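Engineer: Residue numbers (full-length UniProt numbering): 1 to 332.
In case anyone wonders, no lab produced these hints; they're calculated from the structure.
Be careful, since some hints might not be right.
Unchecked claim - Restraint ranges, calculated between C-beta atoms of paired labels, are given here: (1) L161 / A195: 16 to 22 Å; (2) A142 / P193: 28 to 34 Å; (3) R145 / L85: 26 to 32 Å; (4) F20 / A304: 31 to 37 Å; (5) P14 / L160: 18 to 24 Å; (6) R147 / D206: 42 to 48 Å; (7) A169 / P107: 21 to 27 Å; (8) V62 / P111: 29 to 35 Å; (9) A304 / E139: 26 to 32 Å; (10) A275 / R106: 26 to 32 Å; (11) G229 / A142: 37 to 43 Å; (12) V62 / A195: 27 to 33 Å; (13) P41 / R145: 36 to 42 Å; (14) A94 / P132: 20 to 26 Å.
It should be emphasised that the depicted structure is a prediction, and the values quoted were computed from it without experimental measurement.
Where a beta carbon is used, it is the ideal one built from N, C-alpha and C, also for glycine.
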Amino acid sequence: MIVVCGEALIDLVPTGPDTFRAVPGGGPANTAVALARLGTPAYLLCRLSGDGFGRRIREHLVAGGVDLSLAVAADEPTTAAVVGLDASGGPTYAFYVQGTADWQWRPAELPADAPPGTRVLHFGTLASILPPGAEVLREWAAARRERYTVVYDVNVRPALLPDRARYGAAVEPWLKTAHVVKASEEDVAWLHPDAEPLDVARAWLDGHGLALVLITCGERGAVAVTPDGPPRHVPGFPVRVADTVGAGDTFTGALLHALAARGALPERPGAAFPAADLDAALRFAVAAAALTCTREGAAPPTRAEVEAFLHERNAGGSVGESPDGLADGPAC
C-alpha cells in the first residue's frame with residue numbers, strides 16, 4: 001500500500017484558438033492513478049476543492065481506483081494549469097495557484113499516521129515547494145521516515161519559481177528527508193546546468209545517504225544510481241509519441257508497483273533494493289512510461305497492457321521476471 005501526497009489540479013488543454021478542455025491532472029494525482037491502474041492500492045493525501053473542477057477531479061480519481069479517504073475537503077478553489085506542447089512534444093505549463101486549495105496545508109489536516117499496511121510515502125512536484133503547505137508536508141514526512149520509505153519526485157516547474165537558487169533551496173530539505181529520489185535529466189539540467197546528470201545523482205546519493213536515485217532520460221530510458229556498483233541503465237522503447245504528459249509520473253508509479261509486486265520494498269526504510277528486483281522494476285517502469293507517451297494526456301496503462309507490451313518486445317513480460325540485456329554504466 002502506498003500513500004501519495006500532493007496536488008490534484010485541472011489541466012486546461014487547448015482544443016482550438018479560444019477553447020480548452022478541462023482534464024484532471026497534477027503529478028502526484030497522476031502517480032496515484034498509475035499505481036491503482038497497475039493494481040497497487042494507492043491513497044492520495046490531497047486537498048480537494050468543492051468547486052466544479054474539484055468535483056470533477058474527485059470523480060476522476062475514484063474512477064481510477066484511488067482511495068480518497070485521506071483527502072481533505074477544502075474551501076479554496078482548484079488549481080489550474082494551462083497546458084501547451086513544445087516542439088519536441090513535451091508539455092509546457094502556465095499555472096494559476098494564488099490562494100488555491102493544494103498549497104494551504106495545516107498540520108491539523110494531516111493524519112496522525114499512514115493507514116495500516118502502508119510501505120511508501122510519495123511526495124513531489126508543486127506541493128513539495130509551494131508555501132505555505134510545502135514545509136508542513138515535509139515536516140510530516142520527516143517525522144515518519146524511520147517507519148516508511150519516503151520517495152521524492154523533483155519534477156521541476158520553473159514557471160512557478162524561475163530563480164534557480166531559490167528552487168534548489170526548496171528541493172534541498174526533501175533530499176535530506178527522502179530515501180529515494182527521482183528526477184528527469186531535464187530537471188537536473190535546469191537545477192545544475194553546468195553538471196552532468198549522473199554526477200549530480202551521485203552527489204545527491206553520497207551527500208544525503210540516499211538508497212536510490214533515479215534519472216529518467218526520455219526516449220533513452222532511465223538510470224538507477226545506488227551506493228554500491230555502477231549506474232544501471234534500462235534503454236527506452238521506440239514508440240509513436242502522442243505527447244509525454246504524465247510519462248514521468250507513470251514511471252514512478254510503475255516502478256513502485258513493480259517493486260511492491262516482487263516483495264522488494266525494503267523492510268527497513270533506507271535499506272538497499274535487491275539488484276535483480278530493481279532491474280526488473282526499471283524495465284517495467286520504462287515500458288509503462290513509453291505506453292503513456294502513445295496516448296494523449298496522462299493516461300497510464302494497466303499491468304496487463306505493460307506485460308503485453310514487454311512480451312511483444314521480448315523484454316520480459318511479467319513483473320516477476322528479471323530482464324535480459326540490462327546495461328551497466330551511464331546513458332544520460
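Engineer: Each of the hints needs a verdict: does it hold here or not?
Structural biologist: Checked hints:
Our hint of 16 to 22 Å for L161 and A195 holds, since their Cβ atoms are close to 20 Å apart. At about 29 Å, the beta-carbon gap between A142 and P193 stays in the expected band of 28 to 34 Å. Taking the beta carbon of each, R145 and L85 are about 37 Å apart, not inside 26 to 32 Å as hinted. For the pair F20 and A304, the supplied restraint of 31 to 37 Å holds, since their beta-carbon distance comes to about 33 Å.
In this structure the supplied range 18 to 24 Å holds for P14 paired with L160, their Cβ-Cβ distance being about 20 Å. Checking the proposed 42 to 48 Å range against R147 and D206 shows it is violated: the Cβ atoms sit about 25 Å from each other. Take A169 and P107: their Cβ atoms lie about 22 Å apart, and the range 21 to 27 Å holds. Between V62 and P111 the beta carbons are some 19 Å apart, a value that contradicts the proposed interval 29 to 35 Å.
Taking 26 to 32 Å as the suggested C-beta distance range, the pair A304 and E139 does not conform, at roughly 40 Å. Between A275 and R106 the Cβ separation comes to about 42 Å, which falls outside the hinted range of 26 to 32 Å. Distance hint check for G229 and A142: the Cβ-Cβ separation is about 29 Å, which falls outside the suggested range of 37 to 43 Å. In this structure the supplied range 27 to 33 Å is violated for V62 paired with A195, their Cβ-Cβ distance being about 42 Å.
Roughly 21 Å separates the CB atoms of P41 and R145, a value that falls outside the hinted 36 to 42 Å. A hinted range of 20 to 26 Å for the beta carbons of A94 and P132 is consistent with their spacing of about 22 Å.
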